[in-house]
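Asks: Here is what each chain is made of, one letter per residue.
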Amino acid sequence: MHSEPSIGPTEIWQLTETVWSAILNLDLAEGAAETSHRSGIRVMTSCVQITGAWDGAVVVRCTEDLAKRCASAMFSTDSTTPAEVRDALGEIVNMIGGNVKSLLPGPSKLSLPAIAEGIDYQMSVPGTRVMSEVSFRSQGQPMQVTVLVRVD
Amino acid sequence: MRALVIDDSKAVRSIIRRILADCGFREILEAGHGKEALEVISQHGVPDLSVVDWSMPVMDGLTFVRAVRGFPEAAPMSILMVTTETERPRIVGALAAGANEYLTKPFTKEAMVEKLGILGFGVNA
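Protein sequence lines correspond, in order, to chains S and Y.
The first sequence stops at residue 278 when you use my numbering, and every number in between is there.
The second sequence stops at residue 135 when you use my numbering, and every number in between is there.
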């Protein structure tokens, strides 16, 4: 008898906190559960998929404002381009996703990151369900990190 | 000292560039994937150090390491893999292919400086 591999809120918190402290040096705190951001606010979503011995995805969703602040931290400048903001958010989900992958059965591969951005939109990965999700606040802005697992 | 930073993320290249500059590297070249890195080396010569991501479009880091280690003139170049890949067989594979050291993302400046020290690069940070 064996249990299904699982990533819980504790693991998501630790991995995200490591990225925030090592790479961004920004504040990070627990946030209220928010299934959607306030209407009218530009939101960015980054996603990497894990395929192989374990199939699923990792999604980071935050306000465009927070994504810009993350990019500013990574590029060490107050002035970043939209492409640089997408690049930064893609790398953040890549780092969190890569470390999630390391906690799950292997071998598996991590996809290149994908980014969505806009106002009042939903993003889904068909054929998956939420394994775990943690809401954070950073720089006064909401953010969610979600681990999705493929449903057979 | 000359370095080549190979990563498809411009943000990561920016972070690594700042660390290398603090460590005394005077010329730091960049490439967005392995194929571009081979072209940079062809144009600018072999650097003292290449910092290589694993997962990149066009040509990934492992393929780059295998390719560049095929050139005798690149033998003195140190290769530091910096990547989210943590599966032991992959790390062993990268080292067997010719990488000299391995650093997992996310990394701190201190961790990278330590790896550079292991590779024999004088550190002024």
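Honestly, the hints are just simulated from the structure, not real lab data.
Do not rely on the hints blindly, as some may be mistaken.
As the list claims (entries may be wrong) - List of simulated lysine-lysine pairs, DSS-like, C-alpha gap at most 30 Å:
1. S:Lys235 <-> Y:Lys45
2. Y:Lys119 <-> Y:Lys45
3. Y:Lys45 <-> Y:Lys20
4. Y:Lys125 <-> S:Lys235
5. S:Lys235 <-> Y:Lys119
6. S:Lys235 <-> Y:Lys20
7. Y:Lys125 <-> Y:Lys45
8. Y:Lys119 <-> Y:Lys20
9. Y:Lys20 <-> Y:Lys125
Asks: Hint by hint, which ones does this structure get wrong, listed from lowest number up?
Replies: none
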